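Undergrad: Residue strings, one per chain:
Protein chains: 2
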Amino acid sequence: MEYPQESFVATTFAEDSFWARRREVVRVRTLRHQLQMLKRTGRYDAFRLKWHPSYSDPPTVYPIPNHQFWDSDIAKWIEGACYLLTDHFDDEIDAAVKELVHMIQEAQHADGYLNIHYSVVEPGKRFTNLRDMHELYNAGHLIEAALAHSLYYKNDDMLSPILKYVDLLAATFGAQEGQLPGYPGHPEIELALLRLYKATGLSKHLQLAQFFIEERGNPRGGKEKRHYYDVEAEARGESGHDLPMYFPAARSYWYQQAHAPIVDQKTIEGHSVRAMYLLTAVADLVRINQPTSGIGAKFLPAVHQLWSNMVEKKSYATGGIGSVKKWEGFGIDYSLPQGTDEGGCYAETCAAIGVMMLAERLLQVELDSHYADIMELCLYNAVLTGMSLDGKAFTYVNQLASSDQDISQRHEWFECACCPPNVTRTLGFLGGYLWSHTLKDQSAVVNVHLYTSATLSLKVSRSTVKVQQRTDWPWNGDVNFDIRTEGPPVDLRLRLRIPGWAKSWEVTPRPEQLDVRDGYLYLSTEWLQQNPQFRFSCPMQALVVRPHPLAMQPVAYVTRGPIVYCVEDADHPWEQHHFKVTQPARHVKWIKSEVLRHEIQRTIFDSTAPLREEQRSQPDRYVAIIAENGVAGELDTSAWNRQIAVESRNAVVGERRNLCFIPYYLRANRGGQGQMRVGLRVV
Amino acid sequence: MEYPQESFVATTFAEDSFWARRREVVRVRTLRHQLQMLKRTGRYDAFRLKWHPSYSDPPTVYPIPNHQFWDSDIAKWIEGACYLLTDHFDDEIDAAVKELVHMIQEAQHADGYLNIHYSVVEPGKRFTNLRDMHELYNAGHLIEAALAHSLYYKNDDMLSPILKYVDLLAATFGAQEGQLPGYPGHPEIELALLRLYKATGLSKHLQLAQFFIEERGNPRGGKEKRHYYDVEAEARGESGHDLPMYFPAARSYWYQQAHAPIVDQKTIEGHSVRAMYLLTAVADLVRINQPTSGIGAKFLPAVHQLWSNMVEKKSYATGGIGSVKKWEGFGIDYSLPQGTDEGGCYAETCAAIGVMMLAERLLQVELDSHYADIMELCLYNAVLTGMSLDGKAFTYVNQLASSDQDISQRHEWFECACCPPNVTRTLGFLGGYLWSHTLKDQSAVVNVHLYTSATLSLKVSRSTVKVQQRTDWPWNGDVNFDIRTEGPPVDLRLRLRIPGWAKSWEVTPRPEQLDVRDGYLYLSTEWLQQNPQFRFSCPMQALVVRPHPLAMQPVAYVTRGPIVYCVEDADHPWEQHHFKVTQPARHVKWIKSEVLRHEIQRTIFDSTAPLREEQRSQPDRYVAIIAENGVAGELDTSAWNRQIAVESRNAVVGERRNLCFIPYYLRANRGGQGQMRVGLRVV
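Chains A and B are the protein sequences, given in the same order.
Quick note: the first sequence, position 663, residue 662 per numbering that gives the first Met the number 0, numbers continuous.
Quick note: the second sequence, position 578, residue 577 per numbering that gives the first Met the number 0, numbers continuous.
FYI, nobody ran anything at the bench for these hints, they're computed from the structure.
Every value quoted in this text rests on a predicted model; they were computed, and no experiment measured them.
Possibly wrong hints are sitting among the right ones.
It does not matter which identical chain is used: a pair holds within one copy or between any two.
[What the hints assert, rightly or not] Derived lysine-lysine pairs resembling DSS-like cross-links, with alpha carbons at most 30 Å apart:
(1) Lys325 - Lys97
(2) Lys325 - Lys265
(3) Lys265 - Lys324
(4) Lys49 - Lys203
(5) Lys439 - Lys265
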């Protein structure tokens with residue numbers, strides 16, 4: 000049970016838990032909604048390999064055909080459906096999965112090849128543009144779907160064709176004579192192959208993943224001793240100035256983390272989803288090989304380096320990553336503006352899902368609560384915000400501040416539809432993120448990473464151990480544990496994550512000695528046998544926190560437990576300008592004529608204002624936070640009129656008002672004009 | 000005498016004045032150094048129209064051939080030489096000008112065409128790529144050179160071939176049947192044509208400039224009713240994805256201020272030099288037509304709007320403009336990082352020269368000290384910093400903070416060598432920036448914009464009026480005026496700019512009534528006749544100033560009078576990391592392995608520290624400013640280790656030290672490692 004995509008089956012969410020309610024929405028509404036969208040857009044029938052009118056559309060993101068990802072959209076939906084079918088059977092969903100799998104079987108070429116675009120639109124051009132096209136990315140998602148399918152359906156209807164396709168890939172790619180020494184522009188297949196290896200035990204699956212990872216960014220690859228993407232581009236006859244839209248200059252291979260071998264990369268760069276999927280695979284390769292072994296010891300420092308750079312210098316308060324729209328990814332260190340009109344903020348939903356994936360793998364390599372803290376931060380904020388409460392509308396970009404160019408809103412679907420089904424499948428196997436465990440003979444170790452009302456049932460030899468949590472998380476930090484064993488006694492050990500945001504915590508009854516290692520409380524078999532019911536408490540309170548001083552963001556955020564808060568115009572009808580502009584554009588006298596002046600006077604948050612909690616039940620149950628007289632006024636910038644720099648400090652004018660903070664994930668669910676902000680200006 | 004390029008001849012700098020010393024360096028060393036560079040690089044002989052090996056080089060900035068600007072390099076050197084020959088005749092310089100002019104004469108095609116690249120490298124392709132190629136830009140500089148040449152040599156050796164070329168251009172471009180409805184990608188010819196119109200009085204010169212200005216950015220131009228650059232690109236058979244290096248996306252015509260008609264542009268965008276040259280022409284068109292007339296009234300609001308946007312939201316403390324390297328130009332509003340590792344800073348020398356040009360034109364349209372304030376700011380800081388004290392090394396980019404990627408240094412020349420000769424010619428006609436004047440019958444009005452020891456001699460009817468300033472500007476704010484008239488009395492009126500940075504000012508003897516309008520003190524004929532000697536004083540003192548709060552730069556600058564200061568490692572040998580990093584990169588424990596950590600702990604400036612002035616004489620005379628214990632310590636960011644946001648405020652640790660500020664223009668003249676910073680972090 001090393002993967003959450005498998006281990007989730009051991010978890011049952013309590014019906015009234017926070018996540019059971021969200022997963023219920025996904026199961027009942029989202030899966031169906033997304034199935035409709037697949038059908039309406041042509042994706043559902045695409046594996047029938049007929050021409051679709053949209054195949055003639057010019058690419059929105061040159062040079063990638065808009066339908067290039069369709070294989071993965073279908074695969075991710077199948078994957079999510081299989082996870083959710085585990086909870087409750089559903090005729091319609093089941094029938095759709097079966098029909099799609101049948102289409103996939105039929106779409107496979109005699110040699111195993113399986114891809115919509117290169118079968119219908121550009122036959123004969125397979126594997127000629129690994130850099131830009133998503134052929135291997137799609138293959139990776141098909142593998143993940145096949146694994147989920149085989150886990151639920153207990154048959155090989157999907158896995159069998161996929162294994163045949165993987166055989167073709169394994170024969171095609173590698174360092175042997177006659178093989179292509181290439182690797183995917185968009186990582187994904189690497190992590191999928193490692194999961195496949197676990198299922199099949201076939202070393203060729205491990206070896207192909209390892210080849211893709213080790214060869215990546217090799218400046219002297221293959222027989223030609225050149226970068227594979229250069230060789231490939233030359234073979235395509237590509238001009239060096241014919242730039243993909245996401246390349247700021249020719250050979251911007253850092254876009255896909257291929258500018259240097261992974262072990263030589265010192266900062267996390269480029270497309271953030273690619274970076275996360277890649278590092279998830281690298282971390283898993285470390286785990287498989289043990290962190291102290293040759294391969295493991297080779298790659299672990301690189302993962303640490305890149306993770307550290309990401310968390311400390313390139314992450315938003317919500318856990319979101321990526322500030323640059325052009326390449327959907329990372330900017331320079333500490334460049335983290337909150338919105339489009341402040342320099343950009345991307346924080347793609349899929350990227351935050353990728354952070355969770357990576358954090359989960361790292362927890363398996365080394366149990367340190369830091370990884371689980373970041374995983375929890377992403378889940379409750381940057382990921383959860385990606386879907387509306389009704390489960391039918393989604394975000395792709397998750398800015399921390401709205402602007403006229405980009406208001407805070409969700410959409411029912413996207414042309415590039417990676418995010419919606421990614422949220423579906425993530426919530427589908429969410430149980431696997433809550434805890435990890437290892438079993439051996441009559442003993443079990445359970446690491447509790449996330450808290451929510453749920454039960455883990457483990458078959459340990461001839462016994463069944465049930466670890467139950469009861470809690471009102473994320474609104475209340477009390478968690479009641481109940482351990483029950485059916486059958487002969489089991490040596491159970493429990494490790495509870497102590498959240499990094501907790502200012503204090505306690506266990507009741509209190510153990511004589513508290514054994515805390517790397518942020519986890521280690522509870523012994525003996526203690527658990529004496530205390531099968533106990534409580535873990537870490538009081539949640541509203542805090543005002545600040546970003547790293549070098550981020551040059553004179554702002555403060557409000558958080559409470561794992562939740563990051565924002566302000567919305569729905570609670571502040573006086574706000575018309577994204578909590579920045581109190582006066583609309585107006586004409587002012589400039590020398591002897593009139594000039595249009597946009598008075599951007601940011602709402603100033605008094606970070607010392609008393610914070611009051613307010614339990615709310617609409618449109619969902621949550622804790623709002625009221626900062627009494629939290630608006631200190633507006634920033635008066637009149638001293639800078641017609642000036643570049645003046646001998647003045649920030650001055651605040653205007654009236655005090657209350658500020659109401661709501662969870663960031665809840666934004667854009669309660670009407671309003673899509674005006675929202677997380678980090679509020681402080682003086 | 001409406002143009003400073005002509006009116007400068009009326010000014011004589013006192014030998015001991017600040018600017019006389021700089022101009023002497025330019026005359027004696029820079030002109031010769033640049034002549035050598037022209038010869039060494041092949042530019043000097045390029046108008047012989049022989050092949051040069053470098054013509055085969057791939058373009059550094061695709062798609063512009065590296066030699067594309069050579070015509071303008073030669074022209075600007077001729078122009079500067081002619082201004083400086085006015086002061087002192089010089090055999091070598093005179094001979095070189097004559098030889099170059101002879102080559103230009105010989106290089107002209109029978110139909111008047113005159114361009115190196117399209118004569119030697121791509122004959123037959125003239126006028127096929129106005130968007131990218133610098134054909135009309137070069138023509139503009141040839142016109143300016145010809146005007147300077149004719150003013151000094153009093154012959155038509157250069158003007159005559161240039162007029163023939165302009166005739167060809169006037170026949171080629173326009174709205175008539177058979178003409179090309181295009182306009183230059185890099186403005187320059189517009190302002191040159193307006194100056195030419197003044198010299199020739201020929202309306203075709205005015206009309207061509209006006210056509211270029213009015214047609215620019217027309218989305219429905221020409222017979223095809225389409226954007227000219229689209230029509231042109233299609234004719235070249237260009238792919239929409241074959242992007243010039245400076246275009247972030249296809250059709251990024253805002254790069255050259257051609258995304259919309261000028262009157263519809265609300266923010267200043269794109270390449271900053273192009274923007275300034277264009278607006279200088281637009282302002283001059285307004286002046287020629289009167290601001291209240293049809294054309295003038297049409298364009299003046301646009302100039303105001305764009306100037307206002309530039310000064311208030313897109314200018315650096317030094318007067319430099321442009322933060323984005325990719326397009327050498329403007330970022331979004333208030334995005335003004337100081338150096339490469341903070342998000343970028345460009346502040347090209349030529350762009351600041353362009354701001355001076357535009358400000359000077361605007362002063363002719365409406366006398367307001369605001370324009371002269373900005374002109375002075377640019378001159379003493381963003382422009383003057385572009386040349387070393389010895390006159391032989393130059394900057395192109397003028398960042399406000401050095402970094403490992405871009406240290407503070409000068410170079411003897413550049414492949415794209417626009418800046419060095421631009422500084423030369425600007426200092427050549429600097430006298431024309433000091434004051435403007437209008438003469439009528441027996442009366443004269445003199446507007447004093449800049450202060451320095453110099454004398455303006457005006458022939459008014461049969462008299463000569465001499466207005467003399469004596470001052471130690473920019474180190475001392477006392478200016479002694481001495482008015483003398485030879486011949487019959489003249490009705491002289493004087494208007495003195497009151498610097499915006501002055502906290503107080505006085506005139507001695509004190510006029511009974513002070514007539515101040517738009518920042519100028521108006522002195523009447525009567526008062527001047529009674530007080531031909533008087534003193535204008537505005538005490539200079541060191542100030543700590545701050546950028547606009549929305550620039551998100553928690554920094555402070557030190558200024559004194561018109562001078563913006565910086566700190567350099569030459570005065571602070573303890574500083575090794577650009578006044579940002581006090582600890583070099585080191586390995587720290589990260590989970591269970593080591594991670595390379597770059598401890599960026601910025602030097603914190605105590606903005607309340609007492610400032611002491613120190614007169615220095617090496618390597619030049621200047622006033623240094625010592626902030627006693629001005630280093631408050633370093634920023635302690637340890638609370639953010641492994642964290643994204645924490646409940647902490649900035650903490651300062653480490654020892655106090657003195658800080659020494661020197662004028663920004665003086666940087667990189669005294670050894671050291673090129674570590675420099677203008678805006679220092681404050682808490």
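Undergrad: Hints first: check each against the structure and report whether it holds.
TA: Hints versus structure:
1. For a Cα distance limit of 30 Å, the shortest separation of Lys325 from Lys97 qualifies neither inside one copy, at 38 Å, nor across copies, at 51 Å.
2. Taking the shortest Cα distances, Lys325 and Lys265 sit within 30 Å of each other both inside one copy (22 Å) and across copies (24 Å).
3. With identical chains, the CA atoms of Lys265 and Lys324 are at most 30 Å apart both within one copy (22 Å) and between copies (23 Å).
4. In the homo-oligomer, the alpha carbons of Lys49 and Lys203 never lie at most 30 Å apart, since the shortest distance is 33 Å inside one protomer and 63 Å across protomers.
5. Proximity of Lys439 to Lys265 under the C-alpha cut-off of 30 Å is found in neither arrangement, the shortest distances being 38 Å within a copy and 70 Å between copies.
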